[in-house]
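*Asks:* Given the structure of chain B, go ahead and fit chain G onto it with the hints provided.
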Amino acid sequence: MSTRLSLDPISDLRELFAFPFMVNALEAGTIVAVLAAVVGWYMVLRRQTFAGHTLSVMAFPGAAGAALVGLPTGLGYYVACGGAALFMRRARGSARRSYGTETATIATVQVVGLAAGYLFLSLGNAVLGGTETLLFGTFLGVSRTQVLALLIVAAVAVTLVAVSARPLLLETIDPEAARARGLPVAILDTGFLLVLAAAVAATSQITGALLVFALLVAPAAAAQQLTMRPGIGLVLSVVFALLIVWLGLGIAYFSIYPVGFYVTSIAFALFLAARLVRSIRTRRRAR
Amino acid sequence: MFAHAFVRNAYLAGTFIALACGIVGWFVVLRAQLFAGDALTHVAFVGAIAAAVLGYTELVGLFVLTLAVAVGMGALGRHGQADDAAIGIVFAWILGLGVLLLAILATSASGGSGVTLAHTLFGSIYSLTPGGSRLAAGIAVAVALAVLVAVRPLLLATLDGELASARGIPIRALGIGFLAVLAVVTAESTQAVGALLLLGLLAAPAGAAQRLTASPYGGLALSALLAVLAMWGGLALSYQIASLPPSSAIIGLAGAAYGAATLYARAREG
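Those protein sequences? They're chains B and G, same order as listed. So the first sequence is numbered by the numbering used here: it starts at 1 and just counts up by one. So the second sequence is numbered by the numbering used here: it starts at 1001 and just counts up by one.
So here's chain B without its partners, still in its complex pose (with noise of 0.2 Å):
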């Protein structure tokens, strides 16, 4: 992106959306921002942030596998995203969440993970030049049908979670209650585990492997350090996580430097603010 800035709005934003990369990246990154805060707005509340986090990593297993044997990279992303998260389900058993041997086995998920995912790229003689795009995405390479199959998929997993979404809050806030009320516990876990995997393999085939948590933690963070009303909350992450994808993306079209950059930055410098916010207001209500 050579492009200069012209200092006028209206022609700056024209020139932004002339380019069809440009019109599927913003497509694509609006999708993602709306699906990432949505569930990561519920992922920051269960705790399960390393669990997310190691759900994103699967992503290079999935991509160098399927890269492997020929399959499409997309289905590869799910498939590994979708296996860990019943892995990591079925090997924590009845434990609780974010207990130490839970931590064990999620990372010893991930890194096996890893592990199999190098071995694919030594197997398959794949460029190391994947493997940048793998980890720190391609905003820019986005194509109309993986649009298209992102907004399937984000449609899916977000009305699965409108539909849940009672019944998930309290399951997360307090399990114990939930079974009391003769909810189904194990499936609303298992099911939210997997709209995760979902998420995240969407998320990060735009943001890359490692960056997905610019928008999966970011704004729910942020949203959770100004409310711990959910409705309002979720709206506040869904705002955030598009302004950080929105503004990430038309910085990073007139600027020489990547996209992952702005977009982590923006998100940090949210997150600072928001915890900014938070703590003059509790110390205004001490006084």
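Treat the hints with caution; some may be incorrect.
[Unchecked claim] On the chain B side, residues computed to face chain G include the following (Cβ under 8 Å): (1) T101; (2) A107; (3) Q110; (4) A115; (5) L119; (6) S122; (7) F213; (8) A214; (9) P258; (10) V263; (11) S265; (12) F271; (13) V277.
[Stated by the list, open to error] Pulled from the structure, derived: some chain G residues nowhere near chain B, Cβ distances all over 12 Å: (14) Y1011; (15) A1144; (16) V1147; (17) A1150; (18) P1170.
Hints in this document: simulated from the structure, not taken from any laboratory. The model shown is predicted, which means the values in this text are computed figures rather than measured ones. Idealized CB from N, CA, C, for every residue including glycine.
*Replies:* Okay, now just chain G, sitting in the frame of chain B:
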């Protein structure tokens, strides 16, 4: 195979790195800080790129950045631990910086960003120099000794924080200190097993040991033993099978040990 110098170097560094990872990892699992360890491995990788961009040796970049982030995470969190959303955001941002640095590196005269990337991500234990492997072994021994010296207060602070502070143990300082030790292990092992696969040596042997025994000293010893065995076995395997990268072999064995331990523990429970 020990006739080759590069194999001897790999075994020397690998043995002691595995030993240190096994010991430190046991505490990391017990303190449920694997996500912090995971974040540090990614930070280490960015540190290596930063050093390449700024023209320092890789080791300096690794140590400076991982130590700074470890102490920062410990200081920000309560009780010298960090909460996982904050860890996630911080390390996403540092990776974002890594992307920027990679882009700068790719356009700079030195080039070779792909090689640096693969090297720091997946390690190159078979290309260690004799001096490098001795240094790695020395640091690993120092780290293992540091943890063993503080083993009693660390154990108490981990298992029962209130009792520990009642006895006058500085929990917060201990927590930050432990994260700093973890950072040193990370920085140093990144060179050998790679930033992304190092986590396996921290998690899998320690997780397996905790499934098999509840005794702290037995668990520590078992964890260290499993880590060293995985290292030896992995190195030997990848030496025999040319297309098998050493990191993949080591992690594969460690993961298999963890899986076997889990199944065994489950069968014993009935």
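*Asks:* If a hint holds in the structure, say so; if it does not, say that too.
*Replies:* Now for the hints, and whether the structure bears them out:
For the restraint placing T101(B) at the interface with chain G, the shortest Cβ-Cβ distance is roughly 6 Å, inside the 8 Å limit, so the hint holds. With 8 Å as the threshold, the beta carbon of A107(B) comes within range of chain G, its nearest partner Cβ sitting at about 3 Å, so the hint holds. With 8 Å as the threshold, the beta carbon of Q110(B) comes within range of chain G, its nearest partner Cβ sitting at about 7 Å, so the hint holds. The interface hint given for A115(B) holds, since its Cβ lies 4 Å from the closest Cβ of chain G, which is under the 8 Å cut-off.
For L119(B), the shortest C-beta to C-beta distance to chain G is roughly 4 Å, which falls under 8 Å, so the interface hint holds. About 5 Å separates the beta-carbon of S122(B) from the nearest beta-carbon of chain G, less than 8 Å, and the hint is met. Interface hint at F213(B): satisfied, since its Cβ lies 4 Å from the closest Cβ of chain G, which is below the 8 Å cut-off. Residue-level restraint check for A214(B) holds (minimum Cβ-Cβ distance to chain G is 5 Å; threshold 8 Å).
The criterion of a C-beta within 8 Å of any C-beta in chain G is met by P258(B), whose closest approach is roughly 5 Å, and the hint holds. Taken as an interface hint, V263(B) checks out: its beta carbon lies about 7 Å from the nearest beta carbon of chain G, inside 8 Å. The restraint placing S265(B) at the interface with chain G holds, with a minimum CB-CB distance near 6 Å, inside the 8 Å limit. Hint status for F271(B) relative to chain G: holds, with the closest Cβ pair at about 5 Å, below 8 Å.
The restraint placing V277(B) at the interface with chain G is violated, with a minimum CB-CB distance near 16 Å, outside the 8 Å limit. Under the 12 Å C-beta cut-off, the non-interface status given to Y1011(G) relative to chain B holds; the minimum distance is some 20 Å. Distance check on A1144(G): its Cβ is at least 20 Å (rounded) from any Cβ of chain B, clearing the 12 Å threshold; non-interface status holds. With a cut of 12 Å on Cβ distances, V1147(G) stays outside the contact zone with chain B, its closest approach being about 17 Å.
Remark: the non-interface label on A1150(G) is consistent with the geometry, its nearest Cβ contact in chain B lying 19 Å away (cut-off 12 Å). Taking the minimum C-beta to C-beta distance to chain B, about 23 Å, the non-interface status of P1170(G) holds against the 12 Å cut.
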